[in-house]
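2 protein chains.
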Amino acid sequence: MKKKRNLFYAQSGGVTAVINASACGVIETARKEKGQVGKIYAGRMGIVGALREELIDTGKESARDIAALRHTPGGAFGSVRYKLKSIQESAAEYQRLVEVFRAHDIGYFIYNGGGDSMDTANKIAQVAKSMDYDITCVGLPKTVDNDLPVTDNCPGFGSVAKYVAVSTLEAGIDVGSMPQTKVFILEVMGRHAGWIAAAGGLAGKDRSEPPHLILFPEVPFDEDRFIAKVKDSVERYDNCVIVASEGIRRPDGSFVAESGTRDAFGHAQLGGVAPHLAEIVRGRLGYKFHWAVADYLQRSARHIASKVDVEQAYAMGKAAVKMALAGVHGSLPVIVRTSDDPYRWKVGQAKLSEVANVEKKVPKKYITADGFYITEACRRYLAPLIQGEDYPPYKNGLPRYVRLKNQLAKKKLPDWQG
Amino acid sequence: MKKKRNLFYAQSGGVTAVINASACGVIETARKEKGQVGKIYAGRMGIVGALREELIDTGKESARDIAALRHTPGGAFGSVRYKLKSIQESAAEYQRLVEVFRAHDIGYFIYNGGGDSMDTANKIAQVAKSMDYDITCVGLPKTVDNDLPVTDNCPGFGSVAKYVAVSTLEAGIDVGSMPQTKVFILEVMGRHAGWIAAAGGLAGKDRSEPPHLILFPEVPFDEDRFIAKVKDSVERYDNCVIVASEGIRRPDGSFVAESGTRDAFGHAQLGGVAPHLAEIVRGRLGYKFHWAVADYLQRSARHIASKVDVEQAYAMGKAAVKMALAGVHGSLPVIVRTSDDPYRWKVGQAKLSEVANVEKKVPKKYITADGFYITEACRRYLAPLIQGEDYPPYKNGLPRYVRLKNQLAKKKLPDWQG
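Protein sequence lines, in the order shown, are assigned to chains E and Y.
Take the first sequence: its position 326, counting from 1, is numbered 326 in my numbering, and each next residue is one higher.
Take the second sequence: its position 69, counting from 1, is numbered 69 in my numbering, and each next residue is one higher.
Possibly wrong hints are sitting among the right ones.
Heads up, the list lumps identical chains together, so a pair's fine if it works in one copy or across two of them.
[As the list claims (entries may be wrong)] Heads up, simulated BS3-like pairs for lysine-lysine below, C-alpha to C-alpha not over 27 Å straight-line:
#, residue 1, residue 2
1, K307, K395
2, K85, K288
3, K60, K205
4, K307, K205
5, K288, K83
6, K346, K395
7, K205, K395
8, K365, K60
9, K39, K364
10, K405, K205
11, K318, K307
12, K3, K346
13, K410, K83
14, K231, K4
15, K322, K307
16, K351, K205
Read the hints as simulated data drawn from the structure, not as lab findings.
Just so you know, these numbers come straight off a predicted model, no measurement behind them.
Generate the whole structure from the sequences, applying the supplied hints.
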């Protein structure tokens, strides 16, 4: 009979509305495997928690609180942007991780993050082998940006897509009611990939309905063509609703958000594609405008999460545990689409090395020839991902989100001098 | 037996998530009064529709579509910011309105808007009397800003309050998950009154939870005190979540949003308190920050409307018709609170003249002595207004909002030369 080993789970990078649903899938599944899994730890602030030996003992949390993770946004154990470098450059860190794992008899490591984290998980897997430490490392995909390859889509994306589509629909109706407002710009996330902006396109049946324009980071921003499109939309439909990715760039590669706006002190104005575009529209067309920047609101909007996304996030967490217990080292569960309509998907597997450090951008076939809208093929891809509502419970008018106790396990090693 | 007369309903000013619920209340109630009400018209783009004799014949809409107005945001007939001046200055316009009313035998006029609109309704009532035209003019309160006097609260406010409270709660959890982000600023509406910003305070039980700071237009913005508060919050709670009203002003009366930021062309940067505050924080404290501007998203977010607000908006519409039919000229229905907990309210009546042109700001007793948070009294006032969810129906992942046919009645007068 196999020896019982402990499990370590960590969240990485920007959080999402459903990363805790994945955590819920991990913990609930692992709790059922009492024969193989001993303690279930989570890293306090992700991988940094492992480096500092700050392991949260999830065994202290009630079944009810763990179940509530399914409907709670954010990262319940804390997340962090912390990228380990190459094995050569960060040797001490990788060795420290393996020492902590050894001290706490971690036999299963599940790393919940994007492309960088899949790379880190892969490297940890390699170092552990080289140090002759027996551990199964499994990735668990997460990113609102939807930019991981191999998997059909990423948990976290469907919910931000739904938020952006619903918000665009609602703001578009508002703008349509107000004949004096001619241009509305919604800025959404997506530094390098325009998936989130593309999702705004689901708000209308075609370009005659808001959004009339979508600005992708994949398409160089041409100010003259943009202005011509805005003017055309206002003349045709009486207004122009725009969904703009934060990451759009000018043909010279500079971010539009950073091009030239300075405050009274001469500092470059940080962030804000939307106000910058609004200023261009005002200067060249003189239209009355409004703009919104969704920022964290979009990725934490659990109140309007996609049911498909929640189910997939949970299923990925569950599958990661199953793979870890089966010893499928250096891999991750992925989502495989088997049908667009009716939408069908299943859990597949991929190697961490296939997913690490590859950005999946919006392909040409998903963007119209003029560069300002989504194609029907893109719509077929996106539409299933926002299906269904999965409302959290409410109390006194607000969602009842859980806050865990997050008690740390006793340390066994000297403090980390990282 | 009283002669049947026609009814004219118009929406005015910025729309809300529930102004159509009021329209629904008006039309459904008037449709039941076949003995007294003939045609039910709505102004295409509010009062401008009356001036242009563009009267939408709501009789062309199905009962089902009218019922769907209850869950559809925006202004279904179009709204407009158009303020009639004094009776002396705008005599021709007032006379034109009465002529249009006379041509279409309008016996009941219901004007759905804020303080300005209540003033306009009141003036129309006076001019009609002076022209010996028999009409009952009734107001129907609406404003996200919650700044009307007499009524305990305004339809439209409860839903934006819920949106802001939920968004602050969710973004606060997100920020709390990301140890590197120290400051988050959510900019909300409220040019002169800080009710919407105050509602953000419902997200936390006290100042130890997000939001840690609330910036009201009622409190002059003191940059040094603001910076000290931000620093204190970050040191105490590891981050600082701020809800800022767009209308905050410096002690000299200038809007913070407009103070000094210029683009590359030297234009004053329009709008955006949040990026401006972020820039101040960056310059003086160097913290990593994020900011969001909700703009139209907050007032059109029907997907997360307050059930109390929807019910009140509908009830006000219904009451306005009853008052019109009862000949309660120059008045409007108001919301009267009879108990905080359990929350109880009833429909009352007020005179248009009491409500016109008076702005109800957040009183001193609702703002803490330091000027950066809400008091318990404020919480007791606000809490009931966000109670309950009233989700719209969904199809393919998106709310099913109705779009009316909006067919115009045949004109009877020469074109308006306004």
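Of the hints stated earlier, which fail here?
Structure breaks hints 8, 9, 12, 14 and 16.
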